[in-house]
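Per UniProt numbering, the very first residue in the sequence shown carries number 1; after that it's consecutive.
Keep in mind that the hints were calculated from the coordinates and are not lab data.
Ideal placement from N, C-alpha and C gives every residue a C-beta, glycine not left out.
A couple of the hints might just be wrong.
[To be verified] Derived DEER-like restraints, expressed as beta-carbon distance ranges: (1) Ser-171 with Ile-146: 46 to 56 Å; (2) Leu-268 with Asn-127: 26 to 36 Å; (3) Gly-68 with Trp-184: 37 to 47 Å; (4) Ala-156 with Ala-290: 18 to 28 Å; (5) Gln-288 with Trp-184: 19 to 29 Å; (6) Ile-146 with Gly-50: 24 to 34 Å; (7) Ile-146 with Ala-270: 16 to 26 Å; (8) Gly-141 with Ala-270: 18 to 28 Å; (9) Val-140 with Asn-272: 50 to 60 Å; (10) Ile-146 with Pro-202: 44 to 54 Å; (11) Asn-127 with Asp-91: 28 to 38 Å; (12) Ala-307 with Leu-268: 56 to 66 Å; (13) Ala-307 with Gln-361: 16 to 26 Å; (14) Trp-184 with Ile-146: 22 to 32 Å.
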Amino acid sequence: MNKIVFAQMAARLEGGAGEQKKTGMLAFSRIMEAEEKVGVATISGYIGYGNATVDEFTKHLEELKAEGCTKFEVILNSMGGNLFEASGIYDIIKGCGMEVTAKIYGVAASAATLIACAAGRVLISENSRYMVHRARGCAVGTVEEIEAYAADLKDAEGQVTGIYAERTGKSAEDVMAVLNAETWMNAETAVKEGWCDEVISPSAADSGQKETAAPGKEEDGGGEEGDPGEEEKGGPPQNYTVLRRMMAAVGLAGKNSVEELEREVSRLVAENERLAAENDGFRGMQGQQARVMEAHEREFEQRVKEAVVREMAAIGVAPVGLPPAEGATEETGKKEPAMTNEKLREMAAQDALEWIMGHPQEAARLAEQPGK
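Could you build all of it, start to finish, from the sequences and the hints given here?
Here it is in structure tokens:
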């Protein structure tokens, strides 16, 4: 589901190491400074039109501030979206008064790059992509309305170009050349050209996980002889920090995360089976309803037949030609089985009408004996 997700990490971790141990989240003592709270926002998918809006971003950022967060991280994985929503989020981040770091995992393209530029530092994972291009839009209306829209779009593009120039240190002309080319960059190029500050490598994440997730380590760092502890190394790599925080945001922090994920998968499988069974039950109810409707239709048809029999008998209109004898055929003269109300009910409506028209006297007799 593409949406903007806010997660306040370490809001529970108040006080020193003693309180952190009580929460069972000791790994966070190596990820953040004591008594410091860090807010994390993850923006994925489309920006704007109900997803990652200025209103939602503002609301949750204020909640993080109220919780005492002094730092803020924005995790980006977005192809872009509405320029004006992204511009609003840019202004909110720039004016939040917090130390902000943007981290790109997957892709930051189009309007998403504008949000990244609002951060003091921009980190990009080794296999991510970064893309910038000129502003695009469309308008329908009178000549004057379209011209006004074009002027507004041009002005907005000029503002974005200025932001990009400030971020990269390039001139506005050089930035425009990059935008005209609709430039895609890998992580290394994005850093080299000034769009990002640092590449986060997967190998660094693996190393950080081995060093910080080992159980039984004391707060002073229990590395092997000749191997300095995490505190001496300056803490785990940035991407490992984000991974742990994101896991905690969805309730998966701790050393048993794999087992917890397996349990969650089992739960989801069971829930899917339950929904499938429920769906089968709905289909059964639909079949039963169809049978009931069919029975009602047969009953209605029978009542129509009986009404026709009574009306024809009351009218007493003789047919153009009668069979040679009651219940006999012209060809053989053999007696046919006498018609009964039960047989008449079993006939199709058209056949019943034809029989009534051809046998008015018998129809009148049957009308007088509806129960037989």
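Consistency of the hints with the structure:
1. Ser-171 with Ile-146: 46 to 56 Å: For Ile-146 against Ser-171, whose Cβ atoms are near 31 Å apart, the range 46 to 56 Å is violated.
2. Leu-268 with Asn-127: 26 to 36 Å: Holds, since Leu-268 and Asn-127 (Cβ atoms, about 28 Å apart) stay within the stated range.
3. Gly-68 with Trp-184: 37 to 47 Å: holds (40 Å)
4. Ala-156 with Ala-290: 18 to 28 Å: violated (58 Å)
5. Gln-288 with Trp-184: 19 to 29 Å: With a Cβ separation near 57 Å, Gln-288 and Trp-184 fall outside 19 to 29 Å, so the hint is violated.
6. Ile-146 with Gly-50: 24 to 34 Å: holds (27 Å)
7. Ile-146 with Ala-270: 16 to 26 Å: violated (56 Å)
8. Gly-141 with Ala-270: 18 to 28 Å: Violated, since Gly-141 and Ala-270 (Cβ atoms, about 54 Å apart) do not stay within the stated range.
9. Val-140 with Asn-272: 50 to 60 Å: violated (44 Å)
10. Ile-146 with Pro-202: 44 to 54 Å: holds (48 Å)
11. Asn-127 with Asp-91: 28 to 38 Å: holds (31 Å)
12. Ala-307 with Leu-268: 56 to 66 Å: Given a distance of about 58 Å, which is inside 56 to 66 Å, the answer is holds.
13. Ala-307 with Gln-361: 16 to 26 Å: holds (19 Å)
14. Trp-184 with Ile-146: 22 to 32 Å: holds (30 Å)
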